[in-house]
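Novice: Guided by the hints, dock chain B onto chain A, whose structure is given.
Protein chains: 2
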Amino acid sequence: MENDLIKYLSQHTVLSEDMIRIISERSVIRSFKKGTLLLKEGDPVNECFLVLKGCIRSYMIIEGQEKSIEFFIEEQSVSPGNYGTDIPSEYYLECIEDTIVCAATPEMESEMFGIYPEIESECRKIGEKMIADYQASYTNYKISSAEERYLNLMKHRPELIQRVPQYQLASYLGITPESLSRIRKRVAKKL
Amino acid sequence: MENDLIKYLSQHTVLSEDMIRIISERSVIRSFKKGTLLLKEGDPVNECFLVLKGCIRSYMIIEGQEKSIEFFIEEQSVSPGNYGTDIPSEYYLECIEDTIVCAATPEMESEMFGIYPEIESECRKIGEKMIADYQASYTNYKISSAEERYLNLMKHRPELIQRVPQYQLASYLGITPESLSRIRKRVAKKL
Chain A
322 MENDLIKYLS QHTVLSEDMI RIISERSVIR SFKKGTLLLK EGDPVNECFL VLKGCIRSYM
382 IIEGQEKSIE FFIEEQSVSP GNYGTDIPSE YYLECIEDTI VCAATPEMES EMFGIYPEIE
442 SECRKIGEKM IADYQASYTN YKISSAEERY LNLMKHRPEL IQRVPQYQLA SYLGITPESL
502 SRIRKRVAKK L
Chain B
322 MENDLIKYLS QHTVLSEDMI RIISERSVIR SFKKGTLLLK EGDPVNECFL VLKGCIRSYM
382 IIEGQEKSIE FFIEEQSVSP GNYGTDIPSE YYLECIEDTI VCAATPEMES EMFGIYPEIE
442 SECRKIGEKM IADYQASYTN YKISSAEERY LNLMKHRPEL IQRVPQYQLA SYLGITPESL
502 SRIRKRVAKK L
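So the sequence lines, in the order shown, correspond to chains A and B. By my numbering, the letter at position 14 of the first sequence is numbered 335, and the numbering carries on one by one without gaps. By my numbering, the letter at position 122 of the second sequence is numbered 443, and the numbering carries on one by one without gaps.
Any given hint might turn out to be false.
It does not matter which identical chain is meant; a pair holds if it fits inside one copy or across any two.
What the hints assert, rightly or not - Keeping only pairs whose Cα atoms sit at most 20 Å apart, straight-line, the calculated SDA-like set for lysine to any residue is:
1) K463 <-> L474
2) K446 <-> P365
3) K476 <-> I383
4) K446 <-> M433
5) K446 <-> S345
6) K463 <-> V399
7) K328 <-> I341
8) K355 <-> R470
9) K450 <-> N367
10) K450 <-> S400
11) K510 <-> E469
12) K355 <-> I482
13) K450 <-> P409
14) K450 <-> S410
15) K354 <-> Q489
16) K446 <-> S410
17) K450 <-> E411
18) K446 <-> S337
19) K450 <-> Q483
20) K328 <-> G448
Source of the hints: derived by calculation from the structure; they are not laboratory data. All values derive from a computational prediction rather than experimental measurement.
Next comes chain A alone, as it looks inside the complex (with noise of 0.2 Å):
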């Protein structure tokens, strides 16, 4: 798995060999098992994790229903709401996969950038991305029909639509199992 973490590291950020080598020796690796919890609502928010291999995904219980919000899968980073701050989490993270992450905390973080200013510098161009990312998804979310929704994730994380149950992915999309079962026909037939 640190294989995975220098490939994503080689690939995502300007970092010279030697500065890759450090952090993948600071790193934290970990695995867990399909269903675990990572974090539930009113947990302090001291973790986030980078997927180096399974599926991840956040939801919240709203009036005893679980609301898919997100779901991350390899190379992508989960930095939960209300990381590094008091507050305690909204959110449930849950592994739908066995999973495998590279973790860390605020602390490791600030001790890391202290000593090697070009790693925060990279940290902070991946966090503009992700800006970017969420924005995109979150106008895509607004400006289309629970069909454009789906032919969105058709096209633009398909994996998902393997990886993912069901009434998750309806949930995700804000529609019912059964919206997306009645959509799902529709779409097949015009393929």
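Specialist: Leaving out everything else, chain B in the frame of chain A:
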């Protein structure tokens, strides 16, 4: 307006007085009349902004119709989609009030960060806060009905209800102006 910038930097960063002076001396402060377009679909995205006074709306044109995506007021930063990349803008940015901004380009940022890494460090932290804010807005949008979205807006951004034209607010909430009008009447009765 330089004073507003200094106030923002003192409140949102832990930069020293010296650093704040350096930024405010190098900053480009620009004024625009209400109605000015700062960015159009297809333009290169060369600038990001911090709003010192006024209100900027981002929108897209979908099948001939304006869809309002976001509103940025005092002390909010506008990092337009595709900023700092070669990809042209998909968004419009319009000043919907007389507006004063502090503007930056990737070149200005990179020069300043090269000399003063502590400024980049603060920008990374502001970026993390922006990611958290986007996550929260996106989540709220997904889990709420139109009426709940309006109530959320009343609670968290009441100034928008006063400052933004109703038809723009309606498309921001993902509803028609007629639905917004009905929701307002319903909510007014309950209060």
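Novice: Indicate, hint by hint, whether the structure satisfies it.
Specialist: Evaluated hints:
Taking the closest pair of Cα atoms, K463 and L474 come within 20 Å of each other both inside a single copy (14 Å) and across two copies (16 Å). In this assembly of identical chains, K446 and P365 lie within 20 Å of each other by CA distance solely across copies; the values are 19 Å between and 26 Å within a copy. For the homomeric pair K476 and I383, the shortest alpha-carbon distance between copies (19 Å) is at most 20 Å, but the shortest distance inside one copy (29 Å) is not. For the identical chains of this complex, K446 and M433 are neighbours both inside a copy (16 Å) and across copies (15 Å), given an alpha-carbon limit of 20 Å.
Taking the shortest alpha-carbon separations for K446 and S345, only the intra-copy value of 19 Å comes in at or below 20 Å, while the best inter-copy value is 23 Å. For the identical chains of this complex, K463 and V399 are inter-copy neighbours only, at 19 Å across copies versus 22 Å inside a copy, given an alpha-carbon limit of 20 Å. Proximity of K328 to I341 under the C-alpha cut-off of 20 Å is restricted to the intra-copy arrangement: shortest distance 9 Å within a copy versus 38 Å between copies. Proximity of K355 to R470 under the C-alpha cut-off of 20 Å is found in neither arrangement, the shortest distances being 27 Å within a copy and 34 Å between copies.
Taking CA atoms no more than 20 Å apart as the test, K450 paired with N367 passes between copies only; the shortest distance there is 15 Å, against 22 Å inside one copy. Taking the shortest alpha-carbon separations for K450 and S400, both the intra-copy value of 13 Å and the inter-copy value of 11 Å come in at or below 20 Å. Only within a single protomer do K510 and E469 lie at most 20 Å apart by alpha-carbon distance; the minimum there is 15 Å, versus 36 Å between protomers. Taking the shortest Cα distances, K355 and I482 sit within 20 Å of each other inside one copy (18 Å), while across copies they are farther apart (45 Å).
Proximity of K450 and P409 under a CA criterion of 20 Å is satisfied inter-copy only: 15 Å between copies versus 26 Å inside one chain copy. For a Cα distance limit of 20 Å, the shortest separation of K450 from S410 across copies, 15 Å, qualifies, whereas the shortest one inside one copy, 24 Å, does not. Proximity of K354 and Q489 under a CA criterion of 20 Å is satisfied intra-copy only: 19 Å inside one chain copy versus 47 Å between copies. Proximity of K446 and S410 under a CA criterion of 20 Å is satisfied inter-copy only: 19 Å between copies versus 25 Å inside one chain copy.
With identical chains, the CA atoms of K450 and E411 are at most 20 Å apart between copies only, with a shortest distance of 16 Å across copies and 24 Å within one. Taking the closest pair of Cα atoms, K446 and S337 come within 20 Å of each other only inside a single copy of the chain (16 Å); across copies the shortest separation is 23 Å, beyond that limit. In this assembly of identical chains, the alpha carbons of K450 and Q483 never lie at most 20 Å apart, being 26 Å within a copy and 33 Å across copies at closest. Taking CA atoms no more than 20 Å apart as the test, K328 paired with G448 passes inside one copy only; the shortest distance there is 18 Å, against 25 Å between copies.
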